[in-house]
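Colleague: Sequence:
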Amino acid sequence: MAKETFDHSDIEKKTQEKWEALSLYTTDLTDTEKEKYYLLFEFPYPSGDLHIGHWYAFALTDIFARKKRMEGKNVLFPIGFDAFGLPAENAAIKNGVNPKDWTEQNMETMRAQIRTMGTSVDWSKEVVSCDPEYYKWTQWLFTKLYEHKLAERKTAPVKWCPKDQTVLANEQVIDGRCERCGSEVEEKNLTQWFLKITAYAERLLADLEPLPWREEIKEAQRAWIGESEGAHLTFTAHTGEADVLHPIEVFTTRPDTVFGATYLVLAPEHPSIDVLIQDALNADLVRAYQKETGKKTERERSENKAKTGVVLEGITATNPATKEEVPVYIADYVLNSYGTGAVMAVPAHDERDFEFAQRYALPVVQVIEPSFVDGKNPHVEGKEVTDRNGVIGIVRNKKNNTYLCLAWKHADWTTFVTGGIEEGEDALEAAKREILEETGYGGLEFVATLGNTRSEFFASHKEVNRIGHTTSFLFDLVSDTQSETTSEEKAKHDVLWLTEQEMHARGMRHAEFDYLWKRVTEGLQAYTGDGYLLNSEQFSGRDNREVLEEMVTYAGGEFVKNYRLRDWLVSRQRYWGCPIPVVYDPDGEPHLVPADHLPWLLPEDVDLTPGARGEGTSPLATSKELKERVTRIFGEGWTPEYDTLDTFVDSSWYFLRYLTPRDDHTFSDQGLMKSWLPVDRYSGGSEHTTMHLLYARFFQKALYDLALVPTSEPFNERFNRGIILGPDGQKMSKSKGNVVNPDAVVKEQGADAVRMFLAFVGPYNEPGSYPWNLDGVHSMRRFLDRVYLLRERRTEREATPDELKALHRAIDKIGNDIERFKFNTAISTLMIFVRELESNPTVAQEVFRSLLILLAPLAPHLAEHMWEQAEYKESVHTQVWPSVDVSLLEEETMTITVQVNGKKKGLITVSKKLTQETVEQEALGDPAVIAALKGASPSRVIYVPGRTLNIVIPG
RNA sequence: GCCCAGGUGGUGAAAUUGGUAUACACGCCUGCCUUAGGAGCAGGUCCCUUCGGGGGUGGAGGUUCAAGUCCUCUCCUGGGCACCA
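Residues 2 to 956 (my numbering) make up the first sequence, in order.
There could be a bad hint or two in this list.
[Said to hold, decoys possible] Computed cross-link-like contacts, SDA-like style, restricted to lysine to any residue with a CA-CA straight-line distance of at most 20 Å:
| # | residue 1 | residue 2 |
| --- | --- | --- |
| 1 | Lys308 | Ala362 |
| 2 | Lys433 | Glu490 |
| 3 | Lys625 | Arg614 |
| 4 | Lys14 | Glu872 |
| 5 | Lys399 | Val496 |
| 6 | Lys399 | Val448 |
| 7 | Lys905 | Glu872 |
| 8 | Lys913 | Asp803 |
[Claimed, not checked] FRET-style restraints, in silico, Cβ to Cβ:
| # | residue 1 | residue 2 | range |
| --- | --- | --- | --- |
| 9 | Pro595 | Arg154 | 17 to 23 Å |
| 10 | Glu523 | Pro946 | 57 to 63 Å |
| 11 | Glu523 | Arg546 | 23 to 29 Å |
| 12 | Glu314 | Arg154 | 34 to 40 Å |
| 13 | Gly73 | Arg546 | 53 to 59 Å |
| 14 | Glu304 | Lys410 | 33 to 39 Å |
| 15 | Tyr339 | Asp388 | 56 to 62 Å |
| 16 | Arg546 | Ile833 | 53 to 59 Å |
| 17 | Glu382 | Ile954 | 40 to 46 Å |
| 18 | Glu551 | Thr618 | 52 to 58 Å |
| 19 | Arg821 | Glu352 | 27 to 33 Å |
Simulated from the structure, these hints should not be mistaken for lab results. Cβ atoms here follow ideal geometry from the backbone N, Cα and C, with glycine treated the same way.
Make a model of the complete structure from these sequences and hints.
Modeller: Spelled out as structure tokens, the structure:
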């Protein structure tokens, strides 16, 4: 027997027509009676096919839009098309179609498909970014940015995609490849248009703080902006015999280590090189190095692990702290585009500098003493503190991989050879002497200085707090000959040769053991942590974090903040984009196209075939009409700008245009922006976190400063949604053949079942990935069929207390869940509610009516259909979202978990009026509890009202 | 390497933020119905069990009367950044 069901196709058609006839979703932006709510999703690129991902993006935000509307908000829920972009152009080249026609046809298809979802988007506000009436204002905004020096033309090394034949913004390069087509990106020096997003780095960062966004989104933006605090210090270069002074500014985050700066490194592109090279004795080598590295991209340079460089012979620079002369190198491990393109190299405290110093045998001067606290003998409060210099001598026997150690007799200590430095002795001599005195070994070969360390401990035999400054050395044993040690020494300790395992087993007493051991086994390395200054004149001995300000002043520098963020390169050598509204005079100087000539139309007589133009040039260069237009308007000798704008410019302000999509006099109405901005909630994909979202924030701030928009942040809440995977759990792609066509499923199961399935897969407020599952759609359809059957039980009678309780519980949870984009749990609550209603033969009128209202955002078509069938008035979607009657949620009884020593032993259901005493009595009478107590009497009872009673018994 | 999220049944996932772990579904198992279907309905489904219970949220410790939730360490997975001085 076929189950009774509803004809979804018929219902969808009918209800969608009804909504259109009622203009249910055309928002009156001037309505000030109701509170506004601006709900935005990222406008789609018209790729031509609506895939299930579009459903996930639009149909689910629609759930929220409908509920907000029922709550009495004036909801703006617009849609548009991000219609400029490469695919149209590629399709044009491949199939010989016109990009405009291709795009328009795709939009037509998608509009029809989107309508099948039954979303409540407001089509009357539609914006299309490739439409001249839209891009007129993209151009106008560009001219405003230019007038305020936020758009500029400059020559810079830029990322070039050889396949797409265009430059890319930094953000569009992923792992050295084009984000769009995956080709290896090249580097070119081109003159291009940039928007000065870097001018807003600090504010983009600071204004992030109060935004109610998930921390991970903020963190990704912070990382992208990449602020680092440091200082500019000036090293003065001396050039050869002429002894001309040339200042070189460096950026460092560690000005505290300036005494350890033993050489200077410039990026190969650093402008000072041209000056310095005139006096360099090896100009040829330097030029050759510049040429060689110039051929490589930044990525290729970093792939080559070994650091290379060339010294500028005959040139030195004065370290502003030590006043000593240090050599100057050029090396490609220094990036010209970050900081000042020059660094002071502190090999002792920077890994990269250390590596370079090792390779070129440059001096390593330790200026930070790492500090260790002896956890077993920490400083004792109130005792005198004395400093003491000492040595540690580590002797390695390579033959059997053992190390010379002392086992102390007065305590359970094992150490390396250690001792003090005597008058007139240097540390190395002291180490050798101590080794000989304490162990009798004299046949040593010096291997390395392991550097200085500082340790804090309490010297119990002297009753003083010690700060030990220790210099450690590594030796190899070259002769087994052991001389006799004094009886005094023998009384103090035994001499042992220990393996690494043995040392670990005994536990070496040195607080700095791990630090030393790493250097014994792995070799010398840079120490990048904090500590106390060393070899730094009057600063020596002080905490490195405390000397920063004084040090910067001393070295004549200043504190600065530096950003990883680069200016936004917006020129694209592509056809299907917004023309940059600029022309060049006969001298090649750029001029804005005056406002009365906007929109500056994209020419149509272009040859898109890749061979038709020179490399690095836009297809617009093939247009005769464009050239003639420029000559006609501006005069002979004037030439057009051929590049178009990055499509991210189009999408940086589209949400402003939604307010007045057809207005020919302004990009957006000031009054409406005042009442409608910022966007209340913006839903989109996590891939836009560091691109679109950052660009749009920058645009908003720039326009805010120009008094063109009323808020400095465009979006209040931001939710990154997840993605729908193919049925195989893999990311959908044509090549894998796992792309789900929603049209067929919608036809078979209905739009409501599809959107409810998508809503059910997981929380919509976090970016997960969920596999498509047809069984899941079936199960939603089954549920909707059950809801449909409930109409037969609708009865004219008063609601029972049980019904009301079930209803209000559902209202409460569903409302809260939809509010937080947790549609999955909203649906499960609805399912539970429906099951409760099914358990009775009839459903009270009032409850049935409320059920349809709760169903409306989730299954808008069926809810509307059933609303009509029940002969209720108007539309279910214009009803008021029910409010919760909290008094109805309360139960007279409560179920309490009874625990014994925290373990659940049973549940008791008792009247809510009972006090702890009576609950306790009740619980103690429970057979399971009696058994668990085994006659013991409770030592303590914890009662969490309405939840838990925990009886604690001893033992 | 650094910085963020996460790790709960066979699967997607819940858990009112420290108080009954696995809600709601999918799948699977058993049965019913049958016009034999990619249909519907009913029941079962974390593991062990001597049927009294016992164990269980990646692993190891810890805090607490009580831990999926808090702390420490550790191992995986996903994402971001990466020669950024």
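Colleague: Checking against the hints above, which ones are violated?
Modeller: 7, 14, 15, 19
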